[in-house]
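Peer 1: Take a look at the letters that make up each chain.
2 protein chains.
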Amino acid sequence: MLFTKACEYGIRSVLFVAKQSLEGKRSTLKEIASEIEAPQPFVAKIMQQLVRGNVVVSVKGISGGFYIEPSQIKEITLTNIVFAIDKNFDSKLCAMGLKECSEVRPCPIHHTYKAIKKDIISMMDKSNLIEMAESLKNGTCFLSNLPKQPINNLQ
Amino acid sequence: MLFTKACEYGIRSVLFVAKQSLEGKRSTLKEIASEIEAPQPFVAKIMQQLVRGNVVVSVKGISGGFYIEPSQIKEITLTNIVFAIDKNFDSKLCAMGLKECSEVRPCPIHHTYKAIKKDIISMMDKSNLIEMAESLKNGTCFLSNLPKQPINNLQ
DNA sequence: CCTAAACAGGATAAAATTATCCTGTTTAGT
DNA sequence: ACTAAACAGGATAATTTTATCCTGTTTAGG
Ligand code: FES
Ligand code: FES
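For the protein sequence lines, the chains are A and B, in the order given. The numbers in our numbering rise by one with no breaks, and the one at position 41 of the first sequence is 41. The numbers in our numbering rise by one with no breaks, and the one at position 155 of the second sequence is 155.
In short, the hints are calculated from the structure, not lab data. Glycine included, every Cβ here is placed at the ideal spot set by N, Cα and C. Incorrect hints may have been included.
Okay, derived cross-link-like pairs now, DSBU-like style, lysine-lysine, Cα gap no bigger than 30 angstroms in a straight line [said to hold, decoys possible]:
id, chain 1, residue 1, chain 2, residue 2
1, B, 114, B, 99
2, A, 92, B, 126
3, B, 137, A, 92
4, B, 5, A, 126
5, B, 92, B, 74
6, A, 114, A, 45
7, A, 74, A, 126
8, A, 87, B, 92
9, B, 74, A, 92
Covered, in the sense of this in silico footprint (three residues per stretch, anywhere, with C-beta under 8 angstroms from a C-beta of chain A), are these stretches of chain B [what the hints assert, rightly or not]:
id, segment
10, 8 to 17
11, 90 to 96
12, 100 to 107
13, 111 to 120
From chain A, some residues computed to sit far from chain B (all C-beta separations above 10 angstroms) [as the list claims (entries may be wrong)]:
id, residue
14, 9
15, 64
16, 74
Take the sequences, apply the hints, and build the full model.
Peer 2: Here you go:
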């Protein structure tokens with residue numbers, strides 16, 4: 001598993017908030033947790049970390065919620081999200097658990113894994129939040145497994 | 001982190017045992033734990049799982065230890081090792097934690113991550129244990145961070 | 001046949017991660 | 001002012017992962 005559960009929830013939360021923010025809407029904890037199908041109190045903790053990390057903005061009080069300045073959305077990367085939640089995340093570590101991933105003292109899979117790591121880092125740095133948020137809007141990608149409403153809900 | 005600590009220790013243990021087996025030597029728990037710099041009782045548990053999973057063979061009693069039939073070494077993959085230790089390991093899961101990684105209902109990073117997953121699976125399936133064990137023998141790769149002996153141990 | 005070295009496995013403990021609870025503060029609207 | 005909806009944050013609980021302990025069994029060698 002590449003990311004911790006907290007990071008997975010965090011990424012999905014931010015993407016939902018980003019999508020809503022593009023439409024000028026704030027998102028409440030309740031909406032976020034329901035949308036991403038995650039426990040609300042845990043999502044609350046994660047959103048707190050994201051606020052402290054300046055990834056999202058929170059507004060207290062009635063009609064409050066979370067949002068991201070639309071002009072900021074394109075600046076945010078998965079790296080930003082993940083590091084706001086998991087200070088210790090490090091995609092640069094050795095796949096076999098050596099304390100240091102090193103070119104001069106490589107583990108047996110270092111050379112193969114190096115290319116994979118590069119791709120992971122690149123994915124995290126170059127992932128375009130606004131493009132992802134727009135795909136969510138278009139319905140070409142999703143944040144949960146099952147459609148919210150059954151398809152056959154006629155009558 | 002791609003693998004759990006247990007898997008990391010397991011991979012390193014198997015590689016050490018493989019290297020020793022190429023030289024006709026059995027490895028004791030004490031040797032393995034010391035070589036890979038991991039807690040011996042935890043390594044013991046992991047080795048038990050590897051024995052049950054038919055990755056390594058154990059011999060009880062004095063002058064016992066763990067070994068791998070040299071002819072078998074080239075048959076073992078990282079996938080074998082990891083699944084013997086972590087039944088739930090699944091490199092095919094969604095990077096964002098959706099219950100199912102799906103082409104028809106993809107998460108926002110599915111398409112980028114798909115290629116990475118393919119590389120991970122390929123690394124795990126095609127990694128050549130005998131080549132790695134031989135590199136260990138040659139000293140072109142390593143299982144721990146620091147040389148066992150200080151370099152300046154003259155006199 | 002006795003001993004010491006080695007693995008096996010159940011039970012338990014410690015640490016980290018995930019999840020929940022409760023109380024407090026903020027704020028729009030009345 | 002009062003109220004209800006919303007986030008903040010400390011404390012706690014549950015679960016999973018990591019690590020240890022203890023007792024038992026096996027076996028080569030004297
Ligand atoms: S040393 Fe293991 S991945 Fe680089
Ligand atoms: S659906 Fe998320 S990686 Fe495939």
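Peer 1: What hints, given by number in increasing order, does this structure fail?
Peer 2: 6 and 14
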